[in-house]
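Participant: Residues per chain are reported as follows:
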Amino acid sequence: MKKSILVLLTLLFCVSGTLVWAQTPARGGALVVCQPAEPPGLDPTANTAAAIDRVVYANIYEGLIKVSSSGEYVPGLATSWEISPDGKTYTFDLRKGVTFHNQEPFNAQVAKWNLERAAGEGTINPHPEYFRVIDRIEVPNDFKLVMTLKDVDALFIAHLAEGDAVMLPQKGHEEAKSTPIGTGPFKFSKWVRGDRVEMVRNEGYWNPELPYLDKVTFKFIGDASAQIAAIKAGDIDVIGYIAAPESAMSLAKDDRFKVYAGTTTAEVIMSTNNKVKPFDNKLVRQAMAYAIDRQAVIDLVMFGFGTPIGSHWSPSTPFYEDLTRQFAYNPEKAKALLAQAGYPDGFKATIKLPAIYSYSRRAGEVIADMFGKVGIELSIEIVEWGQWIERIFKKKEFELTMIGHVEAWDIGIYANPDYYFQYDSQLFRDAYAKALTAPTESEKARWFGECQRIIADDAVNGYLFSAPNLPVLKAAVMGWWENYPTVALDCTQVWLKK
Amino acid sequence: MSRYFLKKLITLIILLFFVSLTVFSILFVLPGDPAQIILGLNASAETLANLRAELGLDQPFWTQYTDWIFGLIAGKSGNSINYGVPVTELIRSSLSVTGPMAVMAIFFAVMLAIPLGIYAATHHNRPGDVTVMFFSQLGLATPEFWLGILFILLFAVQWGIFPAGGFPGWDVSVWGSLKALILPAVALGAIRASILVRLTRSAMLDVLGEDYIRTAYAKGLKRRTVVYVHGLKNALVPVLTILGLQLGQLLAGAIIIENVYYLPGLGRLVFQAIGQRDLPVVREVVLFMAAAVVVVNYLVDFAYAAVDPRFKLQ
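One line per chain: the protein sequences are A and B, in this order.
Sequential numbering of the first sequence, starting at 1, is according to this note's numbering.
Sequential numbering of the second sequence, starting at 499, is according to this note's numbering.
Keep in mind the hints are simulated off the structure, nothing from the lab.
Misleading hints may appear alongside valid ones.
As the list claims (entries may be wrong) - Computed Cβ-Cβ distance ranges for the label pairs, DEER-style:
no., chain 1, residue 1, chain 2, residue 2, range
1, B, 547, A, 27, 44 to 50 angstroms
2, B, 513, A, 348, 25 to 31 angstroms
3, A, 246, B, 704, 48 to 54 angstroms
4, B, 554, A, 103, 32 to 38 angstroms
5, A, 208, B, 669, 30 to 36 angstroms
6, B, 652, A, 372, 27 to 33 angstroms
7, A, 246, B, 674, 28 to 34 angstroms
8, A, 430, B, 554, 38 to 44 angstroms
9, B, 643, A, 372, 30 to 36 angstroms
10, A, 139, B, 601, 26 to 32 angstroms
Note that the Cβ used here is the ideal one computed from N, Cα and C, for glycine as well.
Make the full structure from the sequences, and use the hints.
Facilitator: Quick look at the structure:
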């Protein structure tokens, strides 16, 4: 009797013990993350490809500022920063005792060199304009950085948190494309080209608590059914970025896996050439906006995963305004507007869809059907990605196309009348300039909101949905981001439940 | 013999010259600016120009072509735009996947097809022959990728005895790498075996009707000796021709199967490089593939001479 009570007590103790343990991250273990596209090089300061940031951002490389899983700008290599009242001087305190993976120390001089390199002559940083707003950089001591801007820039902090602004070592940066060296929680160990990138725990990481994992492998599997087979066979632990929505549904019902349906910064839009007939007519564009049933698009294309949008702004980015009701689905109104624009019987047009994105091809077919109901007859042309870049993006030889814009804070593309959809509005440019130089948060909200409203009202493009983040994880994987407020698959705080 | 080699070498060089010119011209006029594809949709015009200059894309056609060719002659392979390493290194590493896989597939195909083909020929129009022909018909009609997916579902997902894809690397695990190649090699081999089995059968049927076979039987040779020594040796020539073509084809890229099993092989390398406009990789891999096909054909020539003394290498 006594013995059995003892056993019972021991059991109880063990159970409660494991319950407590379940909440505390465990150290150790290896994680295999699958993502569809192999990155074209591993240097995020030389290429904007999202596939690069997803592998290296916050894992291998860090910038002064990081984006947290909830979308906040948190200390990275800078521990704190202050902005002067006129909004032009930024003072950063840098983290002490940080070394790159090749043992080069990180300090204010290195940071200054990185920022000046990005803005300098002959730069191959895709966004030198992010850094050219800096007038001068002073280094009062090894761990203080004072930047004076030429003008107020509301997006300066946001840009410093992007992959374009991560810190590279002065000596080891030449080979960054093939052998990345950063300050992050993981150290690059191997790239088996065509197959995987491996990284191991950085024992000298500035935060001794992190990372939890010993090893992370990014495996590149493009085919959607091969991804599912691989996770079911146990070859991979996580499908890191947007699994095929139809398989996500079936995996969500399986106890061995969990599926997160979170948000991303990507907006899927039906880009419209604002310079060709009949799309140069605002009424036609508004008619098309009325003819799109966004929820049906999401249901049919993404099996219900995704958030409808009414402008070029993702709900996960600050200052979002919900404008989805402005052109709520109304085919009758669409027909009326078309008649008013001089097309009572509709018209014919071509939509060119990039072959590499399945969501784009599917959405194109759905939209063609919806437009057919209001008299717009769309013929579909599938184009290879290189062709898309050349003919549609550079030469603007298109009427309609379909594409996801993944960068956050990219509404500035509407201020460039030469951008492929060729929107030309002084009203917008003024509002955007005001937003960029807004001194306070409420002013920023006002003018970024105004920007969203102007392009929504002009129905510049067909705003469809913000792409979902659909990672599929083995049940034991903890700490994975539910939402993707920036383009990253940050494994710093990921751990495995034993 | 040495004249044979000299002649073949000159042919190879001329051929490679034409291939290089063709592939270079096609890539030159191919739409899709590599710099724009690399830098993305929001890149500044200045950065685009800088990158184009760095990649040498702002040079005229002949300058770009001669730079490349003279570089190759001097033994300097171009650098991959995406991977930042010499293309020869990429070819070497992907060949360590595709090479063994192609050899395994051909080995499997031969082991399956030759005995079955002989069996079908010697049992002409009897139930055994009909059964073999039925399955080879089925094999011919089966798409490679479908068989590949079927194998994954059965052997990886259901039974878990093989990985669903991927390749650990020979330096990491020899057994694991071998295991990773078995399913794709069998999938590739099964389809090729279907062709070979029909070819072996018809070649054997032709040969078995020849006068010298009757003579061989008449002088009292055993049936086995007649079929395998007198028959098979003479029937092998057309089989070897197709085998050579198949091996060349497999080396030049089993693109679809490599995608199904996400193997980092030659086919996937060039497939991705085309999509991302990694032009140095496309150029040199295509050149390599052309050379590989030609060399395999020379090997087939040797094999002819080995099985049939009537063939002379000249």
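Participant: Confirm or reject each hint.
Facilitator: Here is how each hint holds up against the structure:
no., hint, in the structure
1, B:547 x A:27: 44 to 50 angstroms, "holds, 48 angstroms"
2, B:513 x A:348: 25 to 31 angstroms, "violated, 48 angstroms"
3, A:246 x B:704: 48 to 54 angstroms, "holds, 52 angstroms"
4, B:554 x A:103: 32 to 38 angstroms, "holds, 35 angstroms"
5, A:208 x B:669: 30 to 36 angstroms, "holds, 32 angstroms"
6, B:652 x A:372: 27 to 33 angstroms, "violated, 43 angstroms"
7, A:246 x B:674: 28 to 34 angstroms, "holds, 31 angstroms"
8, A:430 x B:554: 38 to 44 angstroms, "holds, 42 angstroms"
9, B:643 x A:372: 30 to 36 angstroms, "holds, 33 angstroms"
10, A:139 x B:601: 26 to 32 angstroms, "violated, 60 angstroms"
In the structure shown, a violation is registered for the earlier hints numbered 2, 6, 10, in ascending order.
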